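Number of protein chains: 2
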Amino acid sequence: MLNEISALTEVDRARSFGGWQIRYEHQSFVLDCKMTFSVYLPPQAEEANVSHVYWLSGLTCDDQNFVTKAGAQRYAAEQGLAIIAPDTSPRGNLIHDVDAWDLGQGAGFYLNATQNPWSKNYQMANYILTELIPTINKTQPIRPEQRGIFGHSMGGHGALTLALANPDLFKSVSAFSPICSPMHCPWGEKAFEQYLGQDSNAWKQYDSCELIKEHGLPWPVLVDQGTDDSFLEEQLKPELLVDASKGQPYPLILNMREGYDHSYHFISSFIGEHIKHHAQYL
Amino acid sequence: MLNEISALTEVDRARSFGGWQIRYEHQSFVLDCKMTFSVYLPPQAEEANVSHVYWLSGLTCDDQNFVTKAGAQRYAAEQGLAIIAPDTSPRGNLIHDVDAWDLGQGAGFYLNATQNPWSKNYQMANYILTELIPTINKTQPIRPEQRGIFGHSMGGHGALTLALANPDLFKSVSAFSPICSPMHCPWGEKAFEQYLGQDSNAWKQYDSCELIKEHGLPWPVLVDQGTDDSFLEEQLKPELLVDASKGQPYPLILNMREGYDHSYHFISSFIGEHIKHHAQYL
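Just so you know, the sequences run in chain order A and B. Position 92, counted from 1, in the first sequence is what my numbering calls 92; the numbers after and before it change by one each time, with no gaps. Position 66, counted from 1, in the second sequence is what my numbering calls 66; the numbers after and before it change by one each time, with no gaps.
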C-alpha cells in the first residue's frame, strides 16, 4: 500500500498571511471513505519546496478547528513552514459510530483498530503513515525529508505515538496538553478496549510512555500544558511522560502554563513557540 | 436611558496571551432580550486601566466569530488594548425573525429600526451607544475616554456609521471589507426598507458616505479590502467611500489586498495592522 497516492479535489482556498489555506477532499483507500484535510502553504512555497509539520487535532474536532482557531498561519508564514491538518477519524453515514464524543467518529485515536466493527475503517495510523504522507509528498511543494508533527490532547497523543513508533519519519515533535498515557486514563482505556480488545499488551504500541521506555526518546520533545485544564489530573497526566523520559539522551521540555485551560485560547497563546521549535529542527 | 448599566453574568473565562478572554450575558433593557458579548483584557489591564476598541461583526455572526477566528488577542496583548465584541442583533425565540441570513437575527445593521415589527427590539445603535458603552465603562478596567471602533462587512458599516454620527465618542476607526454605502447595494436596500421604511431620507443617517458628505471625516480611517472578495462589486463598493472622502482634512487609507477574500483568513492576516492603527490614536 505504501506510496500509493490519492487523487485530491480542492474544495476551498483562501489567501492567508501571504500564503494559501487550502482544503482538499479525497477518497481514502485505507479508511474506505471520503476524507477531508487542510494544508497551509506559506508564501515561501511559491519559490521553493518548504519544510512541513502535521497537526493532529483532539476529540470532537475535524480539520477545521485548528485552521480557524489556532492562529498558526502567521507563524508558519514567518518561518516558512507548511502545515497539514487531517481529520480525526473516518467519516460518513456508512462508518460505524456510537453516541459518544470520545469514541467513534471524531475520536479515532490515531491507531489501527483490530476489533469488530471498528477494524473495517478505523485505521487512522495507517491512513496518515501510508496514504496521507505519500499523497502530500507527491502533490504539495514540500521537502519530504523535512517533516515534523504536533497535536492537541488526543492529537498530542497521536503526534507522540506516531513519531515515537516511526522516529525516522519525523525530525521534530511537540504537543499541547497530550493524553500522555492512554493506558492509564479513562478516555484511553475506553477507546483502546473498543478498538484494540481487552489484552493490554496490544495497547503498548499506542502509549507514549511505553514507547519511550521500549525505544527511547530520539529527539527533544516540547510539551505545553495549562494548569487550569479540567482534564489535567484524570486524563492527561504529564507527570507520567516526565517519569518515562528520565535518563533519556534528549529532554522532554514540559512548560506548565499558569491559569491556562484546554481550549484553543491556550493553543493560540503558545502556537508560535511550537512552530519556532519545529522550524529549528526542520 | 444614558448611563444606566446592566448587571453582567460571566459565562466563560479563558487565559489568552497572558490576559483574559471573557464572555458575559446580560438582560438588555434597550433590546428587551438576553444578550451575550465578549471582552478581551490584555495583561496590562491587571496593573492599570487600558485603552479599548469595539469590534462589530458581520452578517450571520455572533460575538464568538471574532473571538475564535481573528487572532486579535496576540496583538491586543502586545499593544495593551482591550477589545469588546458585541452580538450583531437582538436574540431569542421571542424576537422577530425571518428566514434570511441578511435580515433579522444575525443582521441588525447597527441601526434603530422604526418599522413594525422590527422597531420593538432592533435597536442596535441605541444598545451599543446607551447601554453597552456605559456598562463597559462602569465594569471593565478600561479608560472610558480612550475608545476606538472597528468591524467587518456589516460590522464595518456599523463601525463607520456609529463613529461618524458620534465622533466625540471614538478616537480611532477602521474597517475590513465594509458595506460602504448601504443605500446603494442590495443588502442595505433590503435591510433599510424593512427596518427604516421606504423613505430613503431616513436612511442617510446610517450611510457612511452620506455621513461624511454631511459632517466631514473627523479622523483618519483605515480600510482593508480583499480584491478577490465575492461581495466587492455588488455589495461593498469602497470606491464610493473614496469618492465621499475626497477633500477631507483627514485621509481614508484604503488598502486593496491582492487575492484575499471576505473570510476571517483575510481579517486575521491584517488584524495586527488595524490594532496598531488604533493603538497609535488611543
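Watch out, some of these pointers could steer you wrong.
Said to hold, decoys possible - Cβ-to-Cβ under 7 Å is the rule here; a few derived chain A residues that face chain B:
#, residue
1, Glu10
2, Ala14
3, Phe17
4, Asn112
5, His215
Stated by the list, open to error - Sample of chain B residues lacking proximity to chain A, with all beta carbon distances greater than 10 Å (derived):
#, residue
6, Ser16
7, Gly18
8, Thr68
9, Ile95
10, Gly104
11, Trp219
12, Leu254
13, Ser263
14, His265
Read the hints as simulated data drawn from the structure, not as lab findings. Quantities reported herein were computed from a predicted structural model and do not represent experimental measurements. The beta-carbon is built from N, C-alpha and C at its ideal position, and this holds for glycine as well.
Structure-based check of all given hints:
At a threshold of 7 Å, the smallest CB-CB gap from Glu10(A) to chain B is about 15 Å, leaving the interface hint violated. Because the smallest distance between the Cβ of Ala14(A) and any Cβ of chain B comes to about 4 Å, under 7 Å, the interface hint for this residue holds. The restraint placing Phe17(A) at the interface with chain B holds, with a minimum CB-CB distance near 5 Å, inside the 7 Å limit. With a cut of 7 Å, the hint placing Asn112(A) at the interface with chain B is violated, because the nearest CB-to-CB distance is about 33 Å.
The closest approach between the C-beta of His215(A) and any C-beta of chain B is roughly 35 Å, which is over the 7 Å cut-off, so the hint fails. Listed as a non-interface residue, Ser16(B) fails to keep its Cβ farther than 10 Å from every Cβ of chain A; the least gap is roughly 4 Å. A beta-carbon of chain A comes within 10 Å of the beta-carbon of Gly18(B); the shortest separation is about 7 Å. Separation of Thr68(B) from chain A is inadequate, the least Cβ-Cβ distance of about 5 Å not exceeding the 10 Å criterion.
With a least CB separation of 28 Å from chain A, Ile95(B) remains clear of the 10 Å interface cut-off, as annotated. A cut-off of 10 Å between C-beta atoms confirms that Gly104(B) is not in contact with chain A; the least separation is 25 Å. Look at Trp219(B): its CB is around 28 Å from the nearest CB on chain A, clear of 10 Å, so calling it non-interface holds up. Every C-beta of chain A lies more than 10 Å from that of Leu254(B), the closest at about 18 Å, which supports listing it as non-interface.
Interface exclusion of Ser263(B) from chain A breaks down, the closest Cβ pair being 5 Å apart, not more than 10 Å. The claim that His265(B) lies off the interface is violated: its Cβ sits roughly 4 Å from the closest Cβ of chain A, which falls inside the 10 Å cut-off.
The structure fails to meet hints 1, 4, 5, 6, 7, 8, 13, 14 from the earlier list, while all remaining hints are met.
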